[in-house]
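K.L.:
Okay, here's what each chain looks like letter by letter:
There are 2 protein chains.
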Amino acid sequence: VSASATDEGNRVVVIGAGFAGLATMRALTGSGADVTLVDRNVYSTFQPLLYQVATGGLNPGDVAYSVRGFVRKRHGRFRHGTVANIDTAGRTVALADGGTLDYDYLVLATGVTVNYFGIPGAAEHTRALYTRAEAIALRDELMGALERVASGRGRDDLTVVIVGGGATGVEMAGTVAELRTAGLAAAFPEINPARVRVLLVEQGPELLSPFHPRLRSYALRQLLDRHVDVRLNTAIRKVTSDSVVLDDGETVHSDLTVWAAGVAAPAGLKAWGLPQREGGRIAVGHDLRVDGQPRIFAAGDIARIDDQPLPQLAQPALQAGQHVAQQIKRLMDGQPTIGFRYHDKGSMATIGRGAAVVELSNGAIRFTGVSAWLTWLGLHIVTLLGGRNRISALVNLGWRYLAWPSGSGVIVGDVTE
Amino acid sequence: VSASATDEGNRVVVIGAGFAGLATMRALTGSGADVTLVDRNVYSTFQPLLYQVATGGLNPGDVAYSVRGFVRKRHGRFRHGTVANIDTAGRTVALADGGTLDYDYLVLATGVTVNYFGIPGAAEHTRALYTRAEAIALRDELMGALERVASGRGRDDLTVVIVGGGATGVEMAGTVAELRTAGLAAAFPEINPARVRVLLVEQGPELLSPFHPRLRSYALRQLLDRHVDVRLNTAIRKVTSDSVVLDDGETVHSDLTVWAAGVAAPAGLKAWGLPQREGGRIAVGHDLRVDGQPRIFAAGDIARIDDQPLPQLAQPALQAGQHVAQQIKRLMDGQPTIGFRYHDKGSMATIGRGAAVVELSNGAIRFTGVSAWLTWLGLHIVTLLGGRNRISALVNLGWRYLAWPSGSGVIVGDVTE
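These protein sequence lines are chains A and B, in that order. One gets this note's numbering by counting positions in the first sequence from 1 and adding 248 to each. One gets this note's numbering by counting positions in the second sequence from 1 and adding 248 to each.
Any given hint could turn out to be false.
Put simply, identical chains are the same to the list, so a pair is met inside one copy or across any two.
[Claimed, not checked] Calculated pairs, SDA-like style, for lysine to any residue (alpha carbon to alpha carbon, straight line, at most 25 Å):
| hint | residue 1 | residue 2 |
| --- | --- | --- |
| 1 | Lys486 | Asn610 |
| 2 | Lys321 | Glu438 |
| 3 | Lys577 | Gly510 |
| 4 | Lys486 | Gly594 |
| 5 | Lys593 | Gly346 |
| 6 | Lys321 | Asp388 |
| 7 | Lys321 | Gly510 |
| 8 | Lys486 | Arg322 |
Simulated from the structure, these hints should not be mistaken for laboratory data. Bear in mind that the values here come from a model prediction, so they are computed numbers and not experimental data.
Required output: the full structure, derived from the provided sequences and hints.
P.N.:
Right, here's the structure in full:
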């Protein structure tokens, strides 16, 4: 690095190795920027398939990628750690382990975590599905509960309650329901599928609210076909270790409650002293710069443009990450930033084997059923970063959906009692 | 079950879902025996490939199989639990959770665990490689140590000491050494391979002592080629959190010590009140019945015939499990038992890519190198029980050995600091 390059300010620090952070780094490759990627894990997680890990369909290793391997190809640096504080005046990021990183441009792409909305017992008695570790814990608890029913000791039934009717909740509910009908016969032949109950609770009047009404009703029908007890317009009042209390006063027994609702900033983010909007998300302008911070950008789920809410999906995060990289290049070249425009390439959600909903090109193309499901399968496999994971996930998902009827097992770990 | 069948005594309880226990159950299918398989895990582990999990080459799910799925195909029962006690007079197995199982024939196939030979610090400061959980812990610690070196914080070198020059020790040492030369460039480009040191310590004068001298010297040469520091005729005096003290007084710094030596019965086995031989292994006669117990058999690593020691490998365990099943059928038919004869189909060990040793047909056929390695790869894939795991392991191992030079990553989890 020559002195002049440093004077121009080419040090970029990216916090978070999710879709947005990796897209930023990828788009900065070869730009002359000196990029350091920071993450609390040494791997990047492919979040859209975590529910497959949680239901024993994929290995944790199928949806995780070495960050160092990625960074190496982009000629950047990786720093394993968590951010403790940001000194915006001194342009320094302080890490929890005492290290510091100087930056000329800072990109915040931490992602978000679950929001319990202050509902009593939710944080203590539910499981979330944002991280690899959470997905493994959920899988081990689900398999432990099935093992308990199969053993004939303790309760002879199992109720799984899923809170939140967005993509994660719908995919999780559909997969658990299908595990019951197709998977139990092979892995837990002792269990009467009728003794396993799946509830999906959604506060609003619709599942998958960002989708077209036709797709929403298709998803609902598919879940009902799989005997999911769907409760719309139903809020949660309280969660205990073995129940969920609904807002109409009904107490539903629950052996395992999955929290797939709400979005909140990571706990430590408040200490960074940046402007926040609802749910603690970072306030950014149209160019994705943090309000009042000309050298700090935010992208992905953690960023919130005031009048332009973006769906919390991979595509907006990838596009925002690319946009941030372009703005940093512009600033390094002495040009002004320009505004971000999200190109809606479409969205999709899967309910089970042969059942998914797909919306492409701003809703101009919509379809459901087997073709949608194959589109989902194909795009998720293609989008998976690494070659090994692509093949491995294809094998495991193919096995799951093709071999279930003839009786294949699930991926199991040490079950939770 | 008719009254007469019960009177004849057809209840078989098999403790342990390893090679021997599964072979017993498989061979009893259709015999009229009422078989219950007991294991502390809900999965069976393919132990010969655990070192691949420990080095990030395979997913834990690639070497684990749902026991219930297996048991279902054999029309038996599965009981998740651990044995607390055996009442030989009352023919009852007491489980740790308070349950009991009545038996007419009992098969003990628990496998063995590590033996520290009372060496100070060994139990506290080393990692073993007998279980899936141990392999994951070892992987996360190894990757954490590599991450520490790559980060440039703390010590800038890493020493892995492997104790025991049997198949597990040789395979582990070879794979860590190859991870250093071939894998580091991709996953941890910051690490100078010369700063990663691998030591293999063996008390005896030879590695792989059951093999022919030509194969032993091949294995040694392959490890030396991979820059493994092999110490033969070297015993361990003491282990600390960051060192291994050798019997000549030398203290070797060690960041990670792997204990791949010695065989001992599981801790709780002594309480069962059965006759034991060296290492706590259960004393059995030539028909594999426990001394003095006409209705109790032992098979696999846990069984010890007085004058006929068997190698601790998959083949002897599989054959012993089959033999036990045959003897139970003979006893159920009112026939006397017959003695077990081990048919040595051969043994093999792998050092790294394109390097293995294979001995077939009682040593009549011996070969090394690429052909041996392909034989090892083929037989391990074929021997893997489940169809999904067979393909998944083939993909992952194929990827590891074909893509390493061009730079593939490793399977990572939450690293241990």
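K.L.:
Determine for every hint whether it applies to the structure shown.
P.N.:
Now the hints, each set against the structure:
1. Lys486 to Asn610: Classified as neither: same-chain Cα gap 38 Å, cross-chain 68 Å, threshold 25 Å.
2. Lys321 to Glu438: For lysine 321 and glutamate 438, only the inter-copy Cα distance (13 Å) is at most 25 Å; the intra-copy one is 50 Å.
3. Lys577 to Gly510: neither (34 Å within a copy, 60 Å between copies)
4. Lys486 to Gly594: neither (35 Å within a copy, 62 Å between copies)
5. Lys593 to Gly346: Answer is neither: 42 Å inside a copy and 58 Å across each miss the 25 Å cutoff.
6. Lys321 to Asp388: Between copies only: 23 Å across, 35 Å inside.
7. Lys321 to Gly510: For lysine 321 and glycine 510, the Cα distance exceeds 25 Å both inside one copy (35 Å) and across copies (43 Å).
8. Lys486 to Arg322: neither (47 Å within a copy, 45 Å between copies)
Going through the hint list in order, the structure does not satisfy hints 1, 3, 4, 5, 7 and 8.
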